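Using the supplied hints, reconstruct the complex from the two chains, each of which is provided in its own coordinate frame.
Protein sequences appear in the order of chains A and B. Mapping of the first sequence onto the working numbering: position 147 corresponds to residue 147, and the numbering continues sequentially without gaps. Mapping of the second sequence onto the working numbering: position 301 corresponds to residue 1301, and the numbering continues sequentially without gaps.
Don't read these hints as lab results, they were simulated from the structure. One should not assume that every hint holds.
Said to hold, decoys possible - Here are some chain A residues pointing at chain B (derived, C-beta under 8 Å):
#  : residue
1  : Lys7
2  : Glu65
3  : Ala68
4  : Phe85
5  : Gly87
6  : Pro88
7  : Ala92
8  : Thr219
9  : Met221
10 : Cys222
11 : Thr228
12 : Glu252
Unchecked claim - Straight-line alpha carbon distances no greater than 20 Å define the calculated EDC-like cross-link-like pairs of lysine to aspartate or glutamate that follow:
#  : chain 1 : residue 1 : chain 2 : residue 2
13 : B       : Lys1142   : B       : Glu1221
14 : B       : Lys1349   : A       : Glu177
15 : B       : Lys1269   : A       : Glu262
These figures come from a predicted structure and were not determined experimentally. Glycine residues also receive a C-beta, built at the ideal position from the N, C-alpha and C atoms.
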Amino acid sequence: MYRILRKEILNPQVKLLEIEAPYVARKAEPGQFIILRVHDEGERIPLTIADYDREKGSVTIIFQEVGATTRLLGSLEAGDAIADFCGPLGVASHFEGVKKAAVIGGGLGTAIAYPQAKKLFGLGVEVDVIIGFRNKDLIILEQEMAKVSNRLFVTTDDGSNGTRGFVSDILKQRIEEGAQYDVVIAIGPPIMMKVVCDVTRPYGIKTIVSLNPVMIDGTGMCGGCRVTVGGETKFACVDGPDFDGHLVDFDELIRRLSIYREDERISLERHACRLGGVLNA
Amino acid sequence: MPNMSLKKVPMPEQDPQVRNRNFSEVALGYTEEMAIEEAQRCLNCKHRPCMSGCPVNVRIPEFITLIAAGEFEKAYEKIYETNSLPAICGRVCPQETQCEQQCVRGIKGEPVAIGRLERFAADWYMKHITKPVVKSPRNGKKVAVIGSGPAGLTCAGDLAKMGYDVTVFEAFHKAGGVLVYGIPEFRLPKDLVQREIDALKALGVEIRTNMVIGKTLNVDELFEEGYEAVFIGSGAGLPMFMGIPGENLNGVYSANEFLTRINLMKAYKFPEADTPVFRGRNVAVVGGGNVAMDAARSAKRLGADNVYIVYRRSEAEMPARLEEVHHAKEEGIIFKLLTNPTRILGDEKGWVRGMECVEMALGEPDASGRRRPVPKEGSEHVLEVDTVIIAIGTSPNPLIRSTTTGLETNKKGCIVVDENTCQTSREGVFAGGDAVTGSATVILAMGAGKKAAKAIDEYIRAKAQS
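Bound-form chain B, shown alone (with noise of 0.2 Å):
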């Protein structure tokens, strides 16, 4: 008999005010009662909607039924059937628009909690499973993979699963992109991410770092070093910056900068670690993404007094979670809604003093279909702030597309690419993720990495029978 509670079993977590003085994981996950419990309320249903909102097609009702029957180990093994990442999925996934939103449970009460649940069976299997990996027998084909990103390391795991020597370029002196650099440790530890690569390398991966991939090499010479195919996986990495006065005073830093300073180069554990961060004492970050959430965290958890997130639009038009919104409030983050800055102030020295902004108004729809916001006249005021940091978005970054030929970009500078097979303008090229899509989700990458495997592996095939 099913679990037939309206409610998702609550995840504990950290207590607002004391995880907003740390860096440690917020949410603790769930312990293997109450992922039983959780597992119970799922309906094991025939046309199984969940599984049409999940890009990677993990099979949901199976792997809950095991949850539910105490086998947790199979679980895992049947989420790892076809996601590569499933702990770091559970915990970043945007559950509430893709997996979730399908559930029938959803309908009348909550959805079945399986973004949680699929947290829970890869820490489960993480801390009690230690089992040689299995590799697949080599097929002898060598294919490169440049950025080690979910949607580069997706795929790269699935391509090794086909039995392909797959080695993956990263710039950074770090494998993981946007999961190293970007989210922080109190949303995705950093340890964890690195078990994952670690599974991927024991699958016959090889990541190779500090190659910057247009500089240190190019793609004609990665074809010249015998790889037949070539995946595009760089992201979105070019930081956008408003274009008002005042941006380069000190003070000012891209959300890119910050985040990097904070989770890749461990600036938040300063002097231990080298990199050292401004820690403002009041902070505004511009934006209303996951990532302006990221950083407000972040700039609370270095001690700020205030931290405001200034954002143009209303609470209604914010593109980040609503579960990172909620979080943010409870841990003291001030929102500035329908407010946009005009310029940043500085003193005689050059530091930021504050930033002007003026309130908006929302008016007819725009484009985006979104209602555009405009300025009340004579609402100028002035934030109080030391530290500015700017998380309006970001472009792919041109270092590829500028140095690769035959390469076809759009306007905005993302790849363009056969929606159903990643397939680039260039032979044995292909591509996705951020650098095709401009800044979007991990599971939306981790998607796209997943079809271009498969692509590649046909295009591979074909090539050796013609």
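Bound conformation, chain A alone (with noise of 0.2 Å):
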């Protein structure tokens, strides 16, 4: 059993948890990613590694309640444990040779894209961070990404705090403005991350995606998590999850995103009972 060390609300519907994993911590960068099951019965779920302390053993995941899993995760305080956890597994991000870069994250992928900030930042390159929300009750790790980079970009879909419109967008603005970035990291929903390869590929700017497929074991051994690269298989678990966003196939990504939408559906709604007698116990 994993315990939790340590529970954060971060807006209605994404919380941080920080879990007691000394083996996962000692060996995590960022890039790479956790399994969890919550429960004997539970799924195996794969969640980016946040942040992660080698001193104190701990691994920080940061998830948003999208289904049966992560509401469970979410219902659970400090002191509560969790029954596996996984990793770090996926390759580690590379960011030999980078001068200036600028990190993008949509949405949760914020939480995925703080700690490759953080690395990066703490490598001494200059850092652009743009973090888009659909508005501003959303909005997560603002402080944090401040502390990670040289500059700062908060945008709302709505505008509801000041700035509106995409991180592809502003993105679009900075290039023309002449930042000269020697690779766009970009994380977030697949429809983002196709859109800001679709803003870069025409200036040649390398441009990384973490990809989110659907995984089982996170090890290699089943393939459910297979991506089209540059016309080639490969399994997102163990040749990823970061790979160059202008060889990924996108649509196929969302497609396959799709494959267990009623059957989530499904157990959702099962579950919405059973954590109701969890919350009012």
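Structural data, given as structure tokens:
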């Protein structure tokens, strides 16, 4: 069992848990992820490592309550434990030779982009961070990002924080203003990453995306997470999850993410009753 | 006077039309009377040819004689001396090519049902006997085992019996390897696997789950943590795909994914278990091995109307066990032999709607000695399916070889070892099972685990003396 050391509610749907997992904390690097299982009948879900503390032996995850498992996870408190926590998995991000970078987070993707920005900033790279949310109530990690960036742009789809538009609009503007990025790192919903890649492609700016396909084992033994990159089939859990965004078949990724939509709805409905029980107990 | 019946005492089974709608075990096992009757068919030969066919050298005539005498507890103990997982072997070993193939009674009539008797003894013992396990005296030496499949568990069990402190590192949340994620409940009940594993724990074997060697820890760090030897039994879990168009459509699974969802994650119980699986109405399983049979029979049990086995050679070349093919046919699986997929077709939303195939004819024998299938021109046709499961084989996962220095592997990614000792190119590191041979059988993996345990013991003793 893996104990929850700390819980933070970042916005009504997004929660942070710091989990005691010394072996994972020892090796974790930005770009890697873990697979967890909340309880014994539970499913295995992948979540990116948002932060780690090697001395304390803890790993932080940030997740949005989108279905049965994340709702259940979100109902847990500090002191509770989860059944399984396995990692670090996937290939760590590579930043060699980068002098100037834009790190882009869309919604919850901001939590995954955070360790990347932190690492780059720590390496002395000049970092622009662009994060976007649907509205101002959903903004997360603004202060944390401010600390690990040279410039921070926070935008909302509805303009409720004073800046209206998508992250891709801000990026385009920055590039047109003459920002010379060696690399753009984009993490968020597949459609957002696709749009960012469309922005950078004409300029030939290297663009790294972190893909989020359906996973089971996370160790390369099933191929459930396969994606097409540059015409080749790759397993995101072992070959990624970082890939060259200009080579990714995003339409296929988006399609494959929909395979279990109906099952996910059934599972969530069923859990809504059970969770009611947990929360009222 | 031995029972001279030419046939095995039949084993009761669930009716095919009932069992193809449930995940309960198909074969129900012998009663005490049936076991005694079958055991009396054994001639107790002096030269024991059956034993030479068993990779873990179970003392077959001795345990069968004990069953014939009604001494079931002693029969089990006799088996357990050399086999740590008898309830599993009795069920999944291909006895027809191992112990039973060598049985003298098989020359005229059917061989003695050694597997069924082994299974009987193990099941009887589990049901009736609860004895505190006698742990061997500890020798204070630590050995690490990577992977908790049949090879790792056997190696761990044998080393624990010799007094070693054994830690097994497993990547999944549950121990058992292919026994828990691959072989379905209807062939090998999972609570039984768990009981065999619990028995190993009682011997002092520690199992640490959620440990991906190559990621969470690597082999060098295991030595740093004081392990004197390492056994790699990480299997061959990397699925192969065909490389034909349409393989990434929604509804195409590797057999590993399909079976892992069903067996390990219990997706057949969804939504009581949280993991879903797509339940197709018309399912094609590509391949002709045991994994293909398991996937096809599982798909049928999930409620499919039509399940096809699509295999490019003929039935004679099928690598699956005869018994499994027979069971699959009884359950209504449709065999499309000498048929090869050329592409998978999708609808406008990207879901599978069919599989284009060609008919094959068998040509000259190829390098493997089997007649090579060649496509028949103009034989293209479409099989209307909504699910395709690819079961054309697996190879070793590169995770360990790519993170362990000095470990020699061949061009197929299999770890190279000395056949007699399972010693790898790296000192103190041993390997066995599918990680060395590529995908093979449970019992061969167990045999390798056993051999490696002996070699590890000799290695550590020699090191202590020098």
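These are the hints, each one checked on the structure:
Look at Lys7 of chain A: its Cβ only gets to about 21 Å from chain B, farther than 8 Å, so that hint breaks. For Glu65 of chain A, the suggested interface contact is broken, since its CB lies about 15 Å from the closest CB of chain B, more than 8 Å. Below 8 Å, beta-carbon pairs count as interface contacts, and Ala68 of chain A has one with chain B at about 6 Å; its hint therefore holds. For Phe85 of chain A, the interface hint holds, since its Cβ comes within 8 Å of a Cβ in chain B; the closest pair sits about 6 Å apart.
Proximity of Gly87 of chain A to chain B holds as hinted, the smallest CB-CB distance being about 7 Å (cut-off 8 Å). Restraint check, Pro88 of chain A versus chain B: the minimum CB separation of about 6 Å is within 8 Å; hint holds. Here the hint on Ala92 of chain A is broken, as its CB sits about 10 Å from the closest CB of chain B, past 8 Å. Evaluation of the Thr219 of chain A hint against chain B yields a held restraint, the C-beta minimum of about 5 Å falling below 8 Å.
The beta carbon of Met221 of chain A comes within 4 Å of a beta carbon in chain B, closer than 8 Å, and the hint placing it at the interface holds. For Cys222 of chain A, the suggested interface contact is upheld, since its CB lies about 4 Å from the closest CB of chain B, less than 8 Å. For Thr228 of chain A, the interface hint holds, since its Cβ comes within 8 Å of a Cβ in chain B; the closest pair sits about 6 Å apart. Hint status for Glu252 of chain A: holds, given a least beta-carbon distance of 6 Å to chain B, under 8 Å.
Of the pairs offered as hints, the one joining Lys1142 of chain B and Glu1221 of chain B holds, with about 14 Å between alpha carbons and a cut-off of 20 Å not exceeded. For the given pair, Lys1349 of chain B sits about 40 Å from Glu177 of chain A by alpha-carbon distance, which is inconsistent with the 20 Å threshold. Note on Lys1269 of chain B and Glu262 of chain A: the hinted pairing holds, with a Cα-Cα distance of about 16 Å set against a maximum of 20 Å.
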